[in-house]
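Residue numbers (the working numbering), protein chains in the order written: chain A, 1 to 148; chain B, 149 to 437.
None of these hints come from the bench; they were simulated from the model. Since the model is a prediction, treat every value here as computed from it, not as a measurement. Positions of the beta carbon are idealized from the N, C-alpha and C atoms, including for glycine. Any given hint could be a false lead.
Unchecked claim - To give a feel for the contact side, a few chain B residues facing chain A, derived at Cβ under 8 Å:
id, residue
1, LEU156
2, SER159
3, PRO229
4, GLY240
5, ASP250
6, LEU357
7, SER360
8, ARG395
9, ALA396
10, ARG399
11, LEU401
12, ALA403
Unchecked claim - Pairs of lysine-lysine residues, derived as DSS-like cross-links and limited to a Cα-Cα distance of at most 27 Å, are as follows:
id, chain 1, residue 1, chain 2, residue 2
13, A, LYS113, A, LYS126
14, A, LYS18, B, LYS370
15, B, LYS412, A, LYS126
16, B, LYS214, B, LYS412
17, B, LYS370, B, LYS214
18, A, LYS126, B, LYS435
Unchecked claim - Short, incomplete list of chain B residues facing chain A, as computed with Cβ under 8 Å:
id, residue
19, GLY219
20, LEU220
21, PRO265
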Amino acid sequence: MRIVIAKPGLDGHDRGAKVVARALRDAGHEVIYTGLRRTPEQIVRTVIDEDVDLLGLSSLSGAHAFLFPRICDLLRQSDCNDVVVFGGGIIPIDERQPLFDSGMRAIFGPGTKMQEMADFVETVAKMSTAGDAVGVGEGGDWTWSSGA
Amino acid sequence: MADNLLSLAQSGDRRSLAKLLTAVENDEVSHASLEIPVRQSDGTVIGVTGAPGVGKSTLIEQLLAKWTDDGLCVGVLAVDPSSPLSGGALLGDRVRMDSADDNDSVFVRSIATRNHPGGLPTTVGLAADVMRICGYDLVIIETVGAGQSEIRIVSVADRILLVESPGRGDEIQAEKAGVMELADLIVVNKSDLDGADRAAAQIISALELSDSAPLVILTSSKSGEGILELAKQLLNLPVRAGAELARARERLLTAWDADLLSRKDINEVLESISKGQFTAQEWVKSKRG
């Protein structure tokens, strides 16, 4: 799978994003890292130009509640309904449902095992092939229940 | 479907161009199936090569800014290595190219080598041709960080820019043979660092005796030195004499490799060789008959 790992907003901490990028690389995927401080528009442009299957968003600054749904909206407006969006970082449990409602399929918190992320991508790949609704604009209520 | 994508991509739809490039990368389309001619060398596809860390991506960003200011549209194919073990790749060239994310005259596509030999996927030539036919005036191919003998890039690029940097001292002498002989232009980047003048002087003296020595320019992405000169010279490079045979050789090897790797039984062959059932040489000999 081709995957973009992105850092939206002003958050300057990308250790986690780089570890995830590396883990997904080791799981056999082609991972494009955007670098720090990207706008939602820039991230959507990267998703389009690189024609990726998944987009992973990392935020540790508390801006996820605004930025993540905004990116999901822009993806749908750009006709990228089949792109699967997941997130990670410091995202309190009670703030996750609105993100799922905005079209995200998984949220990974601190302590997530690398293997779990790889399993998630694997599952998404299978569901996509089977024609199940997993993309950001495909509806359905499937989400990945994360251990962390 | 690819036909439709091509016409949409030609009308400027980025998503269609992106999808088409995916089809190219996955070897699902060809010049013939897309009904586009194989492009003749005209100086518009420029290969940028050099060792890891010499500043290729950052230098390309400087060129993108300059050329798009001048009204040109520029495509970039940024190649990074795939893991020989997992097959995965971390593609990070975009990080240093700000134009990639918001300049409408720029289209950057990251490409993994997918373990094609020579560090250059065989599909890159078609990808460059597709970008050219979709309205991009220039296409830059950034190679994986390459050493002295990785010259596969000459099989697809019309002109070669070799990027060097100071502080690689004695290695420069050792690199006289190889890619340096095929470069159409050499830059010594990071000219703001100590030793840049000396590195440039060494390169010039190493190439002095050849018939058509390439131009050597000092550049710095930090101070901007030499960038305008480089942007101008790259558009006016003459064809370098003497490199035609080397180009033809690399094209032949590329075609040969592609043919070999697309064999249906390639995985079984690899497995047998790795298990020691026969050696690679024995297998090649048996095929030659």
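May I ask which of the numbered hints given earlier this structure violates, with the numbers listed in increasing order?
1, 2, 3, 6, 7, 8, 9, 10, 11, 12, 16, 18, 19, 20 and 21
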